[in-house]
Amino acid sequence: MTIQTSLGRRGFVVGGAAVAGGFSLGFRLPFGESVAHAQSVKELNAWVVIHPDDKVVIRIARSEMGQGTLTGLCQLVAEELECDWNKVSWEYPTPGENLKRNRVWRNFSTGGSRGIRESQQYVREGGAIAREMLIAAAAKQWNVPVAECSAADSKITHKTSGKTVTYGAVAAAAAQLEPPKDVKLKDPKDWKIAGKPLKRLDTIDKVTGKQIYGMDYTMPGLLNATVRACPVIGGKLKDFDAAKAEKMPGVKKIFAIDGNAVVVVADTYWQAKTALDAVNTNWDIGELGKVSTETINAMLKEGLEAKEAFVGNKTGDAQKAIDGAAKKVEATYSFPYQHHVTMEPMNATARYTADKCEVWCGTQNGEAALAAASEAAGLPVAKCEVYKLMLGGGFGRRGRSDYVRQAVLAAKEMPGTPIKLIWSREEDMTHCQYHPTTMAKLTAGLDAQGNLISLQIRLSGQSILASLLPQNLVNGMDPIAFQGLMQSGVEAAYGYDVPNLMIDHAMRNPHITAGFWRGVNVNQNAVYMECFMDELAAAAGQDPLAYRLKYLKPKWAAVLKAACDKAGYGKPLPEGRFHGIAQVMGYGSYVAGVAEVSVSADGQLKIHKITAATNPGHVVNPAQIDRQVAGSFVYGLSAALYGEITVKDGAVEQTNFDTYNVMRIDEMPDVETVLVPTNDFWGGVGEPTIAVAAPAVLNAIAKATGKRVRNLPLMNNDLKKGA
Amino acid sequence: MAVLNVNGKAVDYTADPETPLLWVLREQLGLTGTKYGCGIAQCGSCTVHIDGSPVRSCSVPVNAVGTQKVVTIEALAENGMLNKIQKAWVELDVPQCGYCQSGMVMAATALLAAKANPTDKDIDEAMTNICRCGTYQQVRAAIHAAAKA
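Residue numbers (this note's numbering), protein chains in the order written: chain A, 1 to 723; chain B, 1 to 149.
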């Protein structure tokens, strides 16, 4: 089967020409230069298509949402393929095609900083297998032994005769050959494309306005829709009055979906939005209307002292050791609900007929979107398809398919008509799956010399798995509640060796949906642990770095030392400036940050500089890691400074950027990234650094002001002298 | 039917006069490079130039535009050549998800037109656009690079 037949469908191919070299060529714009899909061109394998003109199309299953996974994965395939990087472009296979082909592209899910670390092996093999097939085809054509041929820069060379042939010239013949069973992957030491600071493959269209996001997608006959769901998550629609709205210009249809939302379909979004504003709705919110941030906090506080809790990490006898300690230190921290606030509000386009349902959208999980489409349409998965578009931000939000479901339900009301369902920013802000709110009570026992001999951490708060994936709970426990504090593992293991340790979780689940939010539970767990380590160092009268290094395991310690060395930690700083530090392991990588801050007498915080170290194991693109690290501080510090979703009468109070502030360029500190790869594992980089942003800054603030901020966001705390 | 001057051309459109310019550009004229982010002039994703000044088109009723000249991201490149800001954006690999970048490029282009060599403070004041991927460090560097180009 040739995949182009099915992939050539309108709206499917979302390719981009490589821009490398474009600068020196005077920026010829690739208008109209989408990836050509001649039906005659056969793939070498699922990952690689080579056209007769040598153009290389690499198929990427993970979703690009700014994190650079697309470019990194292409680098890994191209490295093994030995192709010319300037000839590389890319495309998304569809989730439906993946299922038809026995999941040849494996996992589409794009979250957990997984793109590279979990697909590197098979995508590199895809490139290597294609290369071997190209070499074999050339050798066959020349009638020479394969061993005498080698490949580089999209050409095969016969060593003995010096003959060469381009990939494009032998690709068709190579596609007929049996793929080799075993291929040897290159030693990363020999990498020429991977490991290099190459530019992204998806930039040009993003600076010319040509890039099509879900919000921009259109097709003939498309109508626009918008939705208002019950402002109280979990509430129902009692009834609605659309008499006035129905008569408004452009309005085509107004109806309820899922028993909890009203949809207006109109010619344009603006007409739909204006009409929806004129629809009167009555909601049934029942007891949920009594829930507020105060009641949620009371629930979590109760959990801090509760008898029952799930044990996530235990060594020795923490309680006994604390009882016998020379000194006891205790502190309680809290972390609010937060919103992802992708720049592009949720949206999806769907077209439904009795025997087919198609969806065009940005999604972090094409297969989950396909499943949601199938369920909403009431059609088998084989009769549904999802065409992935560029995401205007994901951060975990677009891993959930609630907006896909709504678009399909809306399209079902008007069979045959493509419906683009757009959430207003207000709808988006109030119907998220939020970063869970948690609290932590930390209790430590120190010996007479100030050594940490015992530590208890009681986490209390919401479980993401209970909210979104209850089937993944383990005997009721949510293992990912312990991210960053886990006993072991390659994901998010605890870095300190403490002889007596007890970390447990009292699960308390309010009705607000909790979900994956870039960095997930590592974020608050790092605040709790890393701020408390500074409190312990202070109680022991010791330096926070020296104190940590007594307990940190080697890889955790090394990355912290690297950040501190680069930042000049311990050396004199300009008057009024202070350093704060933090480290964590998350998403397979080891990261640390040093924040340099000052706080004026009237309480104004200035974050001057961040020095961040990352050990991601193997480095696939150092320039993109730099950007992920700098961006992680924007994300993490936005949350630390301002991020707070509050609840009143059961509903989220914040509605837009005027009530949910985020960092802008004037608050952006200078971020310096230090890469300290040990080249012995594969870690992710999209998320881990976020977790060190808040604790590094909070620790620096404590040094600057003597105030220990234990409740986020910072905006709720007065840093003024004497306050 | 009414007329707007967009990207150097007189264009016809049909919309309620109160419709924000943003939605006329996107839905009537097919100029989807200008993005919807907040609808309340906070995020800057919808930034266009009106008579050369950066304006948040989500909060400008189309009937207030009159005969003023509207320029969108689609018209910054001329004869296939990117402008200085766009070139610097590509050279420094600024965009991540890219959704806010049309607005960023429009705001930065207007800044350079007003101040050929902006200081960091000028950049802080002019570039109030929100980017959630956190490209601010690259945005600042690219504006300085473009000023020198």
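There may be inaccurate statements among the hints.
Stated by the list, open to error - DEER-style ranges, computed between Cβ atoms:
1. K115(B) with K571(A): 44 to 50 Å
2. A382(A) with K148(B): 41 to 47 Å
3. K244(A) with T14(B): 31 to 37 Å
4. K148(B) with D565(A): 31 to 37 Å
5. E246(A) with G80(B): 44 to 50 Å
6. P61(B) with N102(A): 51 to 57 Å
Stated by the list, open to error - Okay, the calculated bits of chain B under chain A, using three or more residues with CB under 8 Å as the criterion:
7. 7-15
8. 47-56
9. 71-77
10. 95-107
11. 119-131
As the list claims (entries may be wrong) - Chain B is faced by these chain A residues, among others (derived, beta-carbon under 10 Å):
12. N143
13. V146
14. D202
15. T208
16. T218
17. M219
18. P249
19. E426
FYI, nobody ran anything at the bench for these hints, they're computed from the structure. Note that beta-carbon positions come from the ideal geometry of N, C-alpha and C, so glycine has one too.
- prompt: When the hints from earlier in the document are held up against this structure, which numbers fail?
  reply: 1, 2, 3, 7, 8, 12, 13, 17
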